[in-house]
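Q: Using the sequences and the hints given, assemble the complete structure.
Chains as they are written, first to last, in the numbering used here: chain A, 1 to 154; chain B, 1 to 737.
Hints in this document: simulated from the structure, not taken from any laboratory. Predicted model only: the values in this text are computed from it and were never measured. There's no promise every hint is true.
Claimed, not checked - Here are some chain A residues pointing at chain B (derived, C-beta under 8 Å): (1) T6; (2) N8; (3) G9; (4) V12; (5) T13; (6) M90; (7) H91; (8) P103; (9) V106; (10) F113.
Stated by the list, open to error - Cβ pair distances, simulated, as ranges: (11) B:P580 to A:I150: 26 to 34 Å; (12) B:T381 to A:P117: 46 to 54 Å; (13) A:E123 to B:A57: 34 to 42 Å; (14) A:P117 to B:E572: 49 to 57 Å.
Cβ atoms here follow ideal geometry from the backbone N, Cα and C, with glycine treated the same way.
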Amino acid sequence: MIVELTVNGEQVTARVTHPGSLLDLLRDDLGLLGSKNACEQGECGSCSVVLDGELVCSCLVMAADAANSSVTTVEGVSPEDGLHPVQEAMHRAGAVQCGFCTPGIVVAAVDLFARNPHPSGTEIKEALAGNICRCTGYGAIIRALEAVEIGAET
Amino acid sequence: MAPRVRAPEGGVGESPLRPDGAAKLRGEFDYAQDLSAEGMLWAATVRSPHARARIVAIDLAPALAIGGVHACLTADDVPGRGTFGLEHPDQPVLAADEVRFWGEPVAVVAAEDPDTARRAAAAIEVRYEELDALTDAEEADRSDEVFRRLRIRRGDQALHGTVVVEGEYEVGMQDQAPLGTEAGLAIPDGEGGVDLYATSQYVHVDHEQVVASLGLRPEQVRAHPTGIGGAFGAREDVNLHIHLCMLALHTGRPVKMVYQRSESFTGHVHRHPAWLRYRHEADEDGRLVRVEARVVIDGGAYASTTSAVLANACYFAVGPYRSDSVSVDGVGARTNNPPCGAMRGFGAVQVCFAYEAQMDRLAGALGMDPLDLRELNALGTGDSMATTGQVIDTPLPTLDVIKSLRAMPLPEPATSAHHSDLPGGSGLTTEPHHVRRGVGYALGLKNLGFSEGSDDYAQARVRLTSEGAVVETAAIEVGQGLVTVLGQIARSALGISNVEVAHVDTSRIDSAGSTSASRQTQLSGGATLEAATRLRHRVLAHHDGDQLDDQGVWRDDELLVEWSALGEEGWEETVTFRHPPTTGPDENGQGVIHADFAVAGHRAVVDVDTELGLVKVVRVDTAQDVGLALNPQSVRGQIEGGILQGVGLAVMEELVMKEGVILNATFTDYLLPTILDAPDVEALLIEREGSWGPFGAKGVGEPPTISSTAAVAAAIRAASGKELNRVPIRPQDIALE
Numbered sequence: 001m002i003v004e005l006t007v008n009g010e011q012v013t014a015r016v017t018h019p020g021s022l023l024d025l026l027r028d029d030l031g032l033l034g035s036k037n038a039c040e041q042g043e044c045g046s047c048s049v050v051l052d053g054e055l056v057c058s059c060l061v062m063a064a065d066a067a068n069s070s071v072t073t074v075e076g077v078s079p080e081d082g083l084h085p086v087q088e089a090m091h092r093a094g095a096v097q098c099g100f101c102t103p104g105i106v107v108a109a110v111d112l113f114a115r116n117p118h119p120s121g122t123e124i125k126e127a128l129a130g131n132i133c134r135c136t137g138y139g140a141i142i143r144a145l146e147a148v149e150i151g152a153e154t
Numbered sequence: 001m002a003p004r005v006r007a008p009e010g011g012v013g014e015s016p017l018r019p020d021g022a023a024k025l026r027g028e029f030d031y032a033q034d035l036s037a038e039g040m041l042w043a044a045t046v047r048s049p050h051a052r053a054r055i056v057a058i059d060l061a062p063a064l065a066i067g068g069v070h071a072c073l074t075a076d077d078v079p080g081r082g083t084f085g086l087e088h089p090d091q092p093v094l095a096a097d098e099v100r101f102w103g104e105p106v107a108v109v110a111a112e113d114p115d116t117a118r119r120a121a122a123a124i125e126v127r128y129e130e131l132d133a134l135t136d137a138e139e140a141d142r143s144d145e146v147f148r149r150l151r152i153r154r155g156d157q158a159l160h161g162t163v164v165v166e167g168e169y170e171v172g173m174q175d176q177a178p179l180g181t182e183a184g185l186a187i188p189d190g191e192g193g194v195d196l197y198a199t200s201q202y203v204h205v206d207h208e209q210v211v212a213s214l215g216l217r218p219e220q221v222r223a224h225p226t227g228i229g230g231a232f233g234a235r236e237d238v239n240l241h242i243h244l245c246m247l248a249l250h251t252g253r254p255v256k257m258v259y260q261r262s263e264s265f266t267g268h269v270h271r272h273p274a275w276l277r278y279r280h281e282a283d284e285d286g287r288l289v290r291v292e293a294r295v296v297i298d299g300g301a302y303a304s305t306t307s308a309v310l311a312n313a314c315y316f317a318v319g320p321y322r323s324d325s326v327s328v329d330g331v332g333a334r335t336n337n338p339p340c341g342a343m344r345g346f347g348a349v350q351v352c353f354a355y356e357a358q359m360d361r362l363a364g365a366l367g368m369d370p371l372d373l374r375e376l377n378a379l380g381t382g383d384s385m386a387t388t389g390q391v392i393d394t395p396l397p398t399l400d401v402i403k404s405l406r407a408m409p410l411p412e413p414a415t416s417a418h419h420s421d422l423p424g425g426s427g428l429t430t431e432p433h434h435v436r437r438g439v440g441y442a443l444g445l446k447n448l449g450f451s452e453g454s455d456d457y458a459q460a461r462v463r464l465t466s467e468g469a470v471v472e473t474a475a476i477e478v479g480q481g482l483v484t485v486l487g488q489i490a491r492s493a494l495g496i497s498n499v500e501v502a503h504v505d506t507s508r509i510d511s512a513g514s515t516s517a518s519r520q521t522q523l524s525g526g527a528t529l530e531a532a533t534r535l536r537h538r539v540l541a542h543h544d545g546d547q548l549d550d551q552g553v554w555r556d557d558e559l560l561v562e563w564s565a566l567g568e569e570g571w572e573e574t575v576t577f578r579h580p581p582t583t584g585p586d587e588n589g590q591g592v593i594h595a596d597f598a599v600a601g602h603r604a605v606v607d608v609d610t611e612l613g614l615v616k617v618v619r620v621d622t623a624q625d626v627g628l629a630l631n632p633q634s635v636r637g638q639i640e641g642g643i644l645q646g647v648g649l650a651v652m653e654e655l656v657m658k659e660g661v662i663l664n665a666t667f668t669d670y671l672l673p674t675i676l677d678a679p680d681v682e683a684l685l686i687e688r689e690g691s692w693g694p695f696g697a698k699g700v701g702e703p704p705t706i707s708s709t710a711a712v713a714a715a716i717r718a719a720s721g722k723e724l725n726r727v728p729i730r731p732q733d734i735a736l737e
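A: As structure tokens, then:
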């Protein structure tokens with residue numbers, strides 16, 4: 001079937017020929033490789049995207065079910081040049097090691113700050129409870145997000 | 001007058017931004033999973049559904065009949081050596097007549113797309129005749145099914161203490177669970193050779209094994225360092241590498257393969273489960289007189305690194321303590337369980353859980369404070385290791401570690417009623433009045449670099465370019481920050497700021513060795529430092545200068561040669577760095593076995609709901625011997641990440657086995673610590689000069705994982721009053737036993 005949807009503000013059309021996930025559609029059909037596949041079960045959050053305003057694991061959404069929806073991926077939250085304040089804070093705090101979880105954490109954290117510009121430590125942890133990082137022990141990620149200053153433009 | 005020569009930015013001791021950080025944050029970094037090539041096929045693997053079986057027949061026809069299938073290969077199609085292995089080539093590339101573990105590869109296919117490849121793999125009909133599987137390590141020992149035995153005897157074996165504690169301990173099978181699964185792309189070069197881009201910790205050893213099994217000349221295969229989503233030991237062994245190259249050469253097309261998570265759990269080696277029996281004897285003052293240990297680890301079906309893991313477990317069986325008399329017997333069992341190999345800590349983790357429980361019990365029997373007992377017996381510089389007798393001749397600040405742990409303030413008891421701060425978290429099942437707090441301590445010792453007489457080296461090249469300098473290396477960046485620290489070392493040594501690190505393939509540089517054993521900062525860092533230092537001296541001597549900076553060559557505040565000109569002169573220096581030589585063990589396990597050591601200690605604070613058996617790890621504080629912290633932020637990253645993997649082994653991470661089958665090979669069932677499980681960490685870096693690493697640096701990757709597990713276990717014992725001789729500690733171990 002043909003699936004039309006908006007990805008990072010652009011109208012796209014993809015032919016879904018197999019029972020694939022939204023993650024498959026993003027990676028294999030649209031070449032948006034920032035969303036990562038690490039567990040295929042919605043346990044690790046590496047494939048996190050925002051679907052019609054909701055943070056979801058794109059591996060758990062059938063591609064066909066994403067028809068006519070609006071999706072924001074890590075590519076969509078990254079500015080043309082430079083880094084989003086969340087990305088910048090993570091960069092400075094040493095919150096990136098292997099980086100495989102990083103795009104999903106960026107999407108989840110940007111979504112958090114969009115809803116709650118001044119989250120508490122507990123709110124940060126709850127917002128990222130669905131994102132597994134195997135490298136950092138999370139300390140640097142928490143320190144990074146506690147230091148995020150979201151400017152007036154966002 | 002201010003000198004015009006400028007000091008470099010981003011040198012040693014700073015924490016510059018990771019050069020790959022922005023790309024990773026933007027989702028633009030290329031991992032092996034993300035690679036593609038024109039005309040690429042996709043591969044899939046047929047795996048054994050039995051722990052042990054005879055292969056009666058394989059029928060490829062149903063798979064070959066599927067449209068879009070280009071190749072189905074079995075053991076008969078391996079052109080060269082039919083087996084591979086990191087230390088001993090005993091593992092079939094594809095099983096020929098018998099499968100020896102659940103998940104062992106039997107055939108591989110290549111097809112137009114991943115779905116077709118998986119359908120084709122499922123369509124291949126393999127007829128098996130099931131055989132009795134050997135899945136018990138003790139039984140393997142009795143049947144002499146072993147990869148290695150190691151016997152250590154030191155001191156007067158008739159010595160005995162007056163205070164004796166004995167215990168039996170068990171460590172479950174932990175998985176590295178790197179977030180990126182195994183993946184790779186092999187591209188035929190059109191002349192019979194192949195380029196391989198695959199997840200790896202050690203491209204030169206992959207190269208060796210691919211060359212042998214493909215029957216090619218070394219120069220026909222190039223293994224390229226590739227973006228990798230974590231490793232922790234899981235990437236030392238070959239898995240899909242030879243398969244991809246076979247399929248690429250067979251089809252003449254680029255071939256890609258990506259393991260799904262459940263396949264990844266069978267496709268890489270795990271941490272060895274271990275069974276440990278200990279007897280500690282001390283005199284009335286608490287001085288260790290004799291330690292006896294029996295160490296059994298299950299290596300699974302094939303050798304991988306079991307010999308070296310067993311050796312580490314035995315050599316570190318007493319930990320960072322002195323003892324006059326020692327007896328250790330180690331067994332690396334061969335079974336039909338999944339192969340086990342390297343994981344962060346490499347044998348030292350399993351024994352630490354046991355010897356630290358013993359030290360606490362000994363302190364209890366003596367009526368001593370646990371830290372006082374450790375201080376009394378602490379192994380330090382100039383002492384002989386209790387097991388091997390090796391004299392420690394690099395700094396080993398065990399006493400400083402203990403002193404630092406003592407000085408760290410303890411947190412207040414939990415007053416917050418927020419559910420995420422209580423055991424069980426958002427399950428909201430815990431009542432605060434059932435929660436008891438416990439505090440536990442543990443110390444661990446780890447070797448740095450390869451041991452037992454191996455020729456351990458790393459090559460690095462430093463080249464000057466018109467922009468600055470490039471460090472070339474085949475060492476693998478797994479996330480730890482080698483790509484940052486090699487640049488820092490070169491900047492400090494050259495005196496310039498603009499340094500890049502380039503990961504180059506096996507044809508362009510000699511081996512850097514494995515990114516394991518906490519060794520790359522010391523080994524590849526050592527090679528980089530020596531190459532950059534020599535290059536600077538040569539450039540200055542050639543131009544008769546006295547300083548080098550980003551502007552060029554200086555003498556007496558005069559710029560003699562501008563960088564743009566210097567960069568055109570083709571300067572380069574290649575260095576192969578070796579650590580101090582080591583020896584194998586004699587018949588009593590004695591020798592100069594290790595090149596360097598690091599000690600770390602952990603103090604864990606836990607809250608335990610003893611009624612429900614739920615645990616919240618509140619804090620794990622640490623003091624770690626780091627030599628010199630070349631990049632304090634990266635060191636802290638290694639410490640915090642390593643501690644959480646230790647916490648995982650203590651309270652949740654285990655591959656559950658039943659008759660050789662992994663029952664929980666998914667992220668739903670294999671529990672990994674989330675951000676809500678992560679304790680707060682205070683880390684004190686103990687810096688002491690004298691190691692042979694660059695600027696005195698020691699490796700920092702593994703020590704955080706050695707004793708954090710043991711410290712958490714000790715804290716849970718303190719809170720619950722239970723013996724808890726097995727990790728991971730499950731709720732039923734606390735609430736029901």
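Q: Could you run down the list of hints and mark each one as holding or not?
A: Against the structure, the hints:
Because the closest C-beta pair between T6 of chain A and chain B is about 18 Å apart, greater than 8 Å, the hint is violated. A distance limit of 8 Å between C-beta atoms decides the matter here; for N8 of chain A the minimum to chain B is near 11 Å, and the interface restraint is violated. Contact between G9 of chain A and chain B, as hinted, is not supported at the beta carbon level, the nearest pair being about 16 Å apart and thus beyond 8 Å. The restraint placing V12 of chain A at the interface with chain B is violated, with a minimum CB-CB distance near 17 Å, outside the 8 Å limit.
At its closest, the beta carbon of T13 of chain A sits 19 Å from a beta carbon of chain B; the interface hint therefore is violated under the 8 Å criterion. With its C-beta approaching chain B no nearer than about 6 Å, M90 of chain A sits inside the 8 Å limit, and its interface hint holds. Contact between H91 of chain A and chain B, as hinted, is supported at the beta carbon level, the nearest pair being about 5 Å apart and thus within 8 Å. Annotation: P103 of chain A was flagged as interfacial toward chain B, and the flag holds, the nearest CB pair being 4 Å apart, inside 8 Å.
Here the hint on V106 of chain A is kept, as its CB sits about 6 Å from the closest CB of chain B, short of 8 Å. This hint is violated: F113 of chain A has a C-beta 15 Å from the nearest C-beta of chain B, more than the 8 Å allowed. Checked against the hint of 26 to 34 Å, the pair P580 of chain B and I150 of chain A fails, with Cβ atoms roughly 52 Å apart. Checking the proposed 46 to 54 Å range against T381 of chain B and P117 of chain A shows it holds: the Cβ atoms sit about 52 Å from each other.
A hinted range of 34 to 42 Å is violated for the C-beta pair E123 of chain A and A57 of chain B, which are about 60 Å apart. For the hinted restraint 49 to 57 Å between P117 of chain A and E572 of chain B, the CB-CB distance of approximately 51 Å keeps it satisfied.
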